[in-house]
Amino acid sequence: MAKIKQSKLFKKTLLIIIALFALISVVTCFFSGTILYKYLTDEYISKGTTIAQTISNTAVDIILNQDHSTVQATIDQFLEIDGVSYLYVIDANNEILSHTFSPYIPNRLINKIQIESTIIKKQKSTQVAIRRIDNTIDIEHPILLGKIGYVHVGMNLSIIIEQIKKEILKLIGIIFIIFLMSVYIAFILIKQISKPLIDLTSYSKLLANHDFEKPLGFQDKLASTIKNQNDEIGTLAGAFIKLELTLIDYIKNLKETTKINQKIQSELNIAHAIQMSMLPTASLPELKNNDYAFASFIKPAKEVGGDFYDYYFDKENEKFHFILGDVAGKGVPAALFMAITLTLIRTANKTESSPSKILNFANKLVCENNESTLFVTAYYGVLDIKTNKLTYVLAGHNPPYHITKNDVIPLALTDGMVLGIDETFKYSEKTIQLLDDSQVFIFTDGVTEAHNKNRKLYGEEKLESNLKKLASKLPKTLIDTIYNSVEKFAEGRSQFDDITMISLKKIDPLNKFRTIKFDLTNDKKEITKLQQKSELFFEKNRISNRQSMKYIIVLEEIVSNIILYGFTETTATPKISIKLSFKNKKIETWVTDNSHYFNPFKDFDIEDINVPLDEKNIGGLGIHLVKTIMDHYDYSYLNEKNIIYISKTI
Amino acid sequence: MKNILKICSNTSIFSSKKIIRASLFTIFTFCLFQTLIYATDSTEKANIKLGMSAAFTGPSKDLGLNLHLGASAYFNYINDKGGINGQEIQLIAYDDGYNPEPAIRNTIKLLEKDNVDLLFGYVGTPTTTRILPLLKIYDKNDILLLFPFTGAEPQRNYPYDKYVLNLRASYAQETSGLVKHFLDINRKKIGVFYQIDAYGRSGLEGVKKELSKHNLKITSEATYRRGQNISNNYEEQVKKLLDDKVDVIISIGSYSACAGFIRDLRNTNSNIPVANVSFVGTSSLLNQLSELKPTSNISYTSNLINSQVVPHYINSSLHAVKKFEKLYNKHASYPESYTGDKSKKPAINYVAFEGFLDAALTCQLIKKAKHATREGIMSILEKNIAINIGIDQRIQFIDPKTNTINNDASSNVYYTTLKTTVNSKGTPITKIVPLTSWGKWQK
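Residue numbers (the numbering used here), protein chains in the order written: chain A, 8 to 657; chain B, 29 to 471.
Here are the simulated lysine-lysine pairs, DSS-like style, with alpha carbons at most 27 Å apart:
1. A:K540 <-> A:K592
2. A:K557 <-> A:K582
3. B:K245 <-> A:K154
4. B:K237 <-> A:K119
5. A:K119 <-> B:K268
6. A:K532 <-> A:K634
7. B:K245 <-> A:K119
8. A:K364 <-> A:K326
9. A:K495 <-> A:K460
10. B:K216 <-> A:K119
11. B:K217 <-> A:K119
12. A:K524 <-> A:K536
13. A:K202 <-> A:K15
14. A:K475 <-> A:K396
15. B:K237 <-> A:K154
16. A:K393 <-> A:K326
17. A:K396 <-> A:K364
18. B:K468 <-> B:K267
19. B:K141 <-> B:K89
20. A:K154 <-> B:K241
21. A:K131 <-> B:K245
22. B:K358 <-> B:K459
23. B:K241 <-> B:K471
24. A:K119 <-> B:K267
25. B:K77 <-> B:K370
26. A:K547 <-> A:K393
27. A:K475 <-> A:K412
28. A:K648 <-> A:K536
29. A:K212 <-> A:K228
30. A:K119 <-> B:K273
31. B:K89 <-> B:K358
32. A:K609 <-> A:K655
33. A:K202 <-> A:K19
Read the hints as simulated data drawn from the structure, not as lab findings.
Based on the provided sequences and hints, a complete structural model is requested.
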């Protein structure tokens, strides 16, 4: 019951009924009011006229033959008639013979009679005259054509308004009763309609929380009552029951499929791990005193992919090999082919050294084993560390970019065919000189062919412009930024193809030595290393010997103090970290060690320079030198480490 | 009979024998019925039946009751003495509440059902004037209305004058008398407060006519509707009259409404004289005014004048008064329909005295006429007999100028005023006293 009262259907219907009845009430009341007013007014005028005529007919004799009290008695009888507000009889001389006014004759009437009789000398009328005065209709009827006088009957119109109000109230009452009946009927009807709907709603709510393991049982009830209803609700109930049964079947199938998929997925995950483990992860050996920086990135579109990269350093020949490949297709077949290709290339470069020869060899092997006629595009580059020359081959691969300070230029093609098609194909190579601060960026088409939901490609143009902006960055930063840009461009669309990028940068030596870091142990011999490293730092930063000499002495003093006195036998792994920095003509140094707490600037007083060396306190001279030579010095103890900071501006 | 035959002849299934038999039976039944009616009639004729319709309820009930008390005092006395010519007087009285319609209904009932011989002592103008046409309609009943308690004109004029006899002067005579006296004392700005119906109109016409003789008009008029009483508010009427600066007011109304009007007038601190006509029932008016409690030092009973149509009844040597005083307590009775305490009678008053005189004159007329019919009474009036009912004049119904029947027995108007004296116990008592001098209100 309450449910039905609250049901939206009932509320809506109620609102419609209310609106409809309001409209009907307004329209009906307006029209009946208007019609009634006209009808009643006509009726009242006609009534008044009849009364006036009756009196005027009777009054002739009475006025002539009898006294005014009889006239009064005559008009008095009519005052009881509904709507008659007043009556009065005036004679031909405008004298009031009788009237019914109480408590007195209205002044307005006296004035009117006076004005008509004395001032305007009104023409005697022989016709019935009807005038409206405020809320009263005055009907003037001549007696004996006005020879004897006139009868005036005032019909009160406000009584009409009252009557209309009463009638309209009655009307509204009737409409209200009909309204209540309509609401009741609507309620019954909606109850009939709502009951199955409410059942259906409960059923659908149960369905929403149903695990679809087995039937709810509710549908049996539904089937017995509603489903057999020969209407839309019956059809709907049938559909719901069918839906539940279908869903139960579906969920059952889905569970089975999911199980299988999960198995496949876990296998794929293993395959992914295997594939990734095939790619090199070892950090690069220092390529010519860190003259080069290298970074790699791979992200398959699915668990496993056909993209691969590889690199290794041929120490003997001081050559750095870095390779990138892209098997046509995706998924497991591509991944397997990628594994073969990678293995074959690795095999090839064991025996061959030039990129073209390596690819000739590898291509031959790939072709031999290529029964599924897959093919691979590849880049193979070899950097000669000594000459800074890069020799490369492009086997059907899109050209990498050569990024210099001012420009981004695609590398020239080498007219190489894809691997795995023609075993007799001979690859040719090209060589470029890598200048300081330039880098080579190699990528697969997963980058440029990434697209957004509007099917717009990321494209080479966008890639080039981004690379231009990133020219000064190190390879790692550059690759990460490009990947983020691609991902942002795709606007959440799942990755379409494997994305692989590698990049090699020749670093400007000047920049390289702005900051250096190195570690020392607590061995006196380490002072030599300190000397070498510092000298190289000052030399590379073109700081004069005079300046560097003093600085290096101070540094040596500090470090030897730590080596000699800082560590005790309990220190597990003694380590002294040095960081040298040159920026804005300011040389700064941080010496960090993990020995016990010791503040050299506090625990030693400024020494008397005149005291012979032999007699000086241990370490005392070093501290003296620090305080006199350096612009700033500082000590702090942080995370159980002593940190000495010194700086000097030259 | 004819109809029955007609129906039967139109119906072929009835045989002629049957028709004759049925006819004979009908004739027999009809004759038997007629005989019974006559028999009943002849026994009822033993009494002289008088029909009365008056206000025994409503705002003018005092008038009807007092009139009945006064009249019954005499009728009962006569009946005790054996009636008139051996016939008892039976007064059948119905209440009309001073409303025309019940009065008409009562009259029809009295004439058709009660078969009264004469109508007697109707109270009020609106009631009496409306039943006048009935007298003409029931002309064959030989009916006559005796001494209605109204001073209205219609029953004094053609065509109803032949059906009514009046003992009292008309309102016009009363009011014209009052106007004459006021003009004498230089009170010319006369205002009229009246009941807006035939009664009020009659009185107003008297005022107007008398004034017009002196080329004057009434200064102001205010009205109230019949049925209003002391509980109503009359401030509007008072304001209207005072605004028009009247210096005397003639009041033509019922005692209850007039008392209310006087109260509201005196509450404005105006002490201009107010004159009431006989219909007001002076003692009823006095009773009503005495019950009022003035808010300040105002006297509601001073500066009041009343016109009366019967002589003054206190300290009078008149034979009628003496007889009235003697018979009133013993014989006066309330109408049958009266629901109040019938053992408690009001003190003698003008209305009761008028009823007493009406009854006395009625009995004299019936006695002389020997038949209680219009024809009988009219026949003796034509003989120009003078009837003595113990007042200061003999009653005659002949106009001495024309020597024709004049249905107005009297045109005498008497004046009284209210006088307050303090009795031995120190309580003030207001009494109705004859007005001897108007000089008090001289302007």
